[in-house]
Amino acid sequence: MPSFRDPIKSGLNEYYGKLKESVSGLTPEELMWQPGPESNHILWTVWHMARVADRWANSTVLGNDELWTRNGWAAKLDMPEDRYGRGETPDQVRDFPPVDIGLVLEYYDAAHTSVLAMIDALEQSDLDRDVFAEYRDESLNIGWILGHILAEEAQHLGQIAYIRGIQRGFNG
Amino acid sequence: MACVEDNWINGVIAGGDSVWDSGGWAVKTGITSEGNGYSNTMNEVRALPEVAVSDLLAYYDAVRDAAFGVIDRMSDDDVSTEFSRGERTITWGWILGHVIVEESQHLGQVALIRGIIRGLNG
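Sequence order for the protein chains is A and B. Each step along the first sequence adds one to the number in our numbering, with nothing skipped, and position 130 is 130. Count along the second sequence starting at 1, add 1000, and that's the number in our numbering.
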């Protein structure tokens, strides 16, 4: 078995497990609280993280439609099909629809499962291959993408834990 | 963050001294407390001496150089090497994924704190 699979999958499962803990029990108000006027809130961040997982795995690497559109998640959340989060303004974050966190996490479960499946479908030689990420207008190496998914998602996870901690205190 | 990477990669995987110890970084930074910060209390966080960020980044650069050397010397089979941590058995492969995930969480926190202070893109 290619040696990259275990480290990447264990990192993915580690951050994803912590993500679910980090939002557990939060009220709708806590989920949408912003530590500063230009800060993201937890709900936006979780939604964006799910979009990130979905897009990298299904669209960028595998060249398929995202689960967001293909499996009707945009419709279930009543959100635009082209909404992704990258580069959004503070106004867009502040005006984010108060969608149900449970539904966002269902979408995220599907996206996370698809990322793991994507890893299992890759061979060592795939890591040297480039794919074109349309929304970034650049060619990216698949090996780079795998490390990047961990780095990007875990940064957002850290932000969520921090925002929760500001509201509820240490171990709150 | 730098200590975390140092301990896991240069310590646990390489099985050697941390760069913190071998490079005399306690003296260079004035940070004399033991450990890497894990489970520090708020008082311990507040008690950290004033250290120039440049000194910490110099330490981090040294850690990174050493860590990349360790990783480059790992074979494919090494990701399955096991290590006991208390009651848990973990693999070196787990360590690699974990270091990225733990460090990136802290990176996100650093960026958030900076953003609260300076605003978006500050």
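Source of the hints: derived by calculation from the structure; they are not laboratory data. Treat each hint with caution, since some may be false.
[Unchecked claim] Here are a few chain B residues that sit away from chain A, every Cβ distance over 10 Å (derived from the structure): (1) N1007; (2) F1068; (3) D1076; (4) R1088.
[Said to hold, decoys possible] Once the Cα atoms are required to be at most 20 Å apart in a straight line, the calculated DMTMM-like pairs of lysine to aspartate or glutamate come out as: (5) A/K9 <-> B/D1061; (6) A/K76 <-> B/E1103; (7) A/K18 <-> A/E152; (8) A/K20 <-> B/D1076; (9) B/K1028 <-> B/D1072; (10) A/K9 <-> B/E1103; (11) A/K18 <-> A/D78.
Note that CB positions come from ideal geometry on N, CA and C, so glycine has one too.
For B/N1007, is the shortest CB-to-CB distance to chain A above 10 Å, so the non-interface label stands?
Per Cβ check, B/N1007 is outside 10 Å of chain A; nearest 17 Å; holds.
Distance rule for B/D1076, whose beta carbon must clear each one in chain A by more than 10 Å:
4 Å, violated
Straight-line alpha-carbon gap A/K18 to A/D78, limit 20 Å
27 Å, violated
Restraint check for B/K1028 with B/D1072, where alpha carbons must lie at most 20 Å apart:
Violated, at roughly 28 Å.
For the pair supplied as a hint, A/K9 and B/D1061, is the alpha-carbon distance within the 20 Å limit?
With a Cα-Cα distance of about 27 Å, the restraint between A/K9 and B/D1061 is violated, given a limit of 20 Å.
Was B/R1088 rightly flagged as not at the interface, with every chain A Cβ beyond 10 Å?
Answer for B/R1088: holds, closest chain A Cβ roughly 13 Å.
Please work out if A/K9 and B/E1103 have their alpha carbons no farther apart than 20 Å.
With a Cα-Cα distance of about 17 Å, the restraint between A/K9 and B/E1103 holds, given a limit of 20 Å.
Given the hinted pair A/K18 and A/E152, is their alpha-carbon gap at most 20 Å?
Answer holds: A/K18 to A/E152 is near 15 Å, not above 20 Å.
Is the straight-line distance between the alpha-carbon of A/K20 and that of B/D1076 20 Å or less?
Given that 20 Å is the threshold and the Cα spacing comes to 31 Å, the pair is violated.
Would you check the hint for A/K76 and B/E1103, treating anything up to 20 Å between C-alpha atoms as holding?
With a Cα-Cα distance of about 34 Å, the restraint between A/K76 and B/E1103 is violated, given a limit of 20 Å.
Confirm or reject the statement that B/F1068 sits farther than 10 Å, beta carbon to beta carbon, from all of chain A.
Correct as stated: the minimum Cβ-Cβ distance to chain A is 13 Å, above 10 Å.
Of the numbered hints given earlier, the model fails hints 3, 5, 6, 8, 9, 11; all others are met.
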